[in-house]
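Peer 1: Residues per chain, in single letters:
Number of protein chains: 2
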Amino acid sequence: MPLYALTLEYHGGGFVGWQRQENGLSVQQVIEAAAARLNGGTPPTAIAAGRTDAGVHAEGQVVQLALEREIDPARLREALDFHTRPHPVAVRRAALAPPGWHARFSARHRAYRYRILNRRARPALEEGLVWHVKAPLDAAAMHAAAQGLLGKHDFSAYRAAACQAASALRTLDRLVVARQSEEVVITAEARSFLHHQVRNLVGTLLEVGQGRRGIDWPRRVLESRDRTQAGMTAPAAGLCFTGVRYDEPLDWR
Amino acid sequence: MPLYALTLEYHGGGFVGWQRQENGLSVQQVIEAAAARLNGGTPPTAIAAGRTDAGVHAEGQVVQLALEREIDPARLREALDFHTRPHPVAVRRAALAPPGWHARFSARHRAYRYRILNRRARPALEEGLVWHVKAPLDAAAMHAAAQGLLGKHDFSAYRAAACQAASALRTLDRLVVARQSEEVVITAEARSFLHHQVRNLVGTLLEVGQGRRGIDWPRRVLESRDRTQAGMTAPAAGLCFTGVRYDEPLDWR
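Protein chains in written order, with the UniProt record's numbering: chain A, 1 to 253; chain B, 1 to 253.
Calculated from the structure, these hints are not laboratory results.
A virtual CB, placed ideally from N, CA and C, is assigned to each residue, including glycine.
There's no promise every hint is true.
What the hints assert, rightly or not - From the structure, some residues in chain B lie toward chain A, with a derived Cβ separation under 8 Å:
1. Tyr10
2. Glu32
3. Glu59
4. Pro73
5. Arg77
6. Asp81
7. Ala90
8. Arg92
9. Ala121
10. Ala124
11. Leu125
12. Glu127
13. Leu129
14. Glu189
Said to hold, decoys possible - Pulled a few chain B residues facing chain A out of the computed Cβ check, cut under 8 Å:
15. Gly24
16. Leu25
17. Gln29
18. Arg120
Extracted from the complex, chain A is given alone in its bound form (with noise of 0.2 Å):
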């Protein structure tokens, strides 16, 4: 059965996450579904690079299909991009994907955004994209905290309790914390995440940035292990899934 790669676009507010759940309508139920119109009825597995929680968004989110015959990966695209409708699913590119390819193991590389809105007034035309922050932030000593979280660490500090990854060992390679007008853009990018550690790295920051804790105290938490040390979940709707590297070259329609 041919192998399809997908870019997908997503609004995570009204999801309960990447993954089909009993309690509501998850991005796989919808990617699938739209899939099962061009399968002989049959809905395929989707298989995405991330499994985004409940309320995060996606721009570069890359899912892998087996469809039960060829289709051009162009025609593929159109013909999901007009299925999801109306959910606020995307299908931005498409490719058939070449042999021993994955889109979750193959990943090399993945990028996340996180937005904090940073003004007195409340988020009109952001509002559910971003996280609001009253209090002004010095994001140039979030930006000088976060470079000391760079590298292979156990991120112990920084996973969910419900992480279910058999090691907390993860290399960071980017972590940049840079103004932008009103807002404060976190951007985070590692060959993979633990659960949470995005949101758990924010919202560690941001007390660095509202001067309750010095530029070296994340990574005091960072060697503490134990994530009670750390500061709050970043909530979910400031987080977008940007994109995904893969070493296979993918011929994207």
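Add chain B to chain A, keeping to what the hints say.
Peer 2: Positioned in the frame of chain A, the structure of chain B alone reads:
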């Protein structure tokens, strides 16, 4: 009675427009109801720099409001930003207005931004904030065509049939079309605009971007002074009122 200036951000999607109407909720009504709570229960009349249409957004709408007693502008901003909830109307700034100032008649310069999402896949994250146009647009050609419309002209060809302005003479100071990754963004600046002027300009430039019309066509439409010559009125959702300038200095809080 002390007069206040406010800068508002709002999502136009759920409103009948700025102006109070019988057939649905207006932004004016939301602001006046919020202000009534600081005004002994009496809703003051709010006057806006620009009466945005149904579905049109704002980042920098300026509004005036006379209150029965003086109130610290920072407190006014916080209280109104609170009392407008849960509507998507945020109060970004407030100032005590100088004598003789008028939100609409003192405005010297208004700016709008129009966003076209120019890609195959439909919008998921930006749904309701962009006009989705699938076929690739030539933004450079649109920009070149736009430059032929700058200056003082009779813009009858680009005004709505319902436009109530006594004269169609307007001076267009700036009309920039630029590609920003998957978007084509149009920025329009003038002292004032006719009803639907920006949306009619965008609908007309679109035909140039699609290659259906030449670069000098929008100028010929202008010279015809005939509305039936121009392109379609671009949808409201892509338009955002971004700002107003006044000669009077305002001490924003």
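Peer 1: Would the hint on Glu189/B stand, with a C-beta cut-off of 8 Å toward chain A?
Peer 2: violated (19 Å)
Peer 1: Just to be careful: measuring from the Cβ of Leu25/B to every Cβ in chain A, is the smallest value less than 8 Å?
Peer 2: Cβ of Leu25/B sits 14 Å from chain A, so the hint is violated.
Peer 1: Tell me if Ala90/B is really an interface residue toward chain A, meaning its C-beta lies closer than 8 Å to one of theirs.
Peer 2: Since the shortest Cβ distance to chain A is 4 Å, the answer is holds.
Peer 1: Hint validation: Arg92/B versus chain A, beta carbon distance must be below 8 Å. Holds or violated?
Peer 2: holds (4 Å)
Peer 1: Hey, does the Ala121/B contact hint survive, CB to chain A under 8 Å?
Peer 2: Given a least distance of 4 Å, the restraint on Ala121/B holds.
Peer 1: Using 8 Å as the Cβ threshold, decide whether Glu127/B counts as touching chain A.
Peer 2: Hint holds; Glu127/B Cβ to chain A Cβ min 6 Å, cut 8 Å.
Peer 1: Let me know if the C-beta of Leu125/B comes in closer than 8 Å to any C-beta of chain A, holds or violated.
Peer 2: Holds, because the Cβ-Cβ distance from Leu125/B to chain A comes to roughly 5 Å (cut-off 8 Å).
Peer 1: The hint names Ala124/B as touching chain A; please verify it with the least Cβ-Cβ distance against 8 Å.
Peer 2: holds (4 Å)
Peer 1: Is the interface hint satisfied for Glu59/B? The criterion is a beta-carbon contact with chain A at less than 8 Å.
Peer 2: At about 7 Å, which falls below the 8 Å cut-off, the nearest Cβ of chain A leaves the hint on Glu59/B intact, so it holds.
Peer 1: For the hint on Arg120/B, does the least C-beta distance to chain A fall short of 8 Å?
Peer 2: Where the cut-off is 8 Å and the nearest Cβ of chain A is about 7 Å from Arg120/B, the hint holds.
Peer 1: With chain A as the partner, please determine if Gln29/B meets the hint condition of a C-beta pair closer than 8 Å.
Peer 2: With a minimum Cβ separation of about 16 Å from chain A (threshold 8 Å), the hint on Gln29/B is violated.
Peer 1: Hold the hint about Glu32/B up to the distance rule: shortest CB distance to chain A must be less than 8 Å.
Peer 2: For Glu32/B, the interface hint is violated, since the closest Cβ of chain A sits about 17 Å away, which is over 8 Å.
Going down the numbered hints, you'll see the structure goes against 2, 4, 14, 15, 16, 17, while the others check out.
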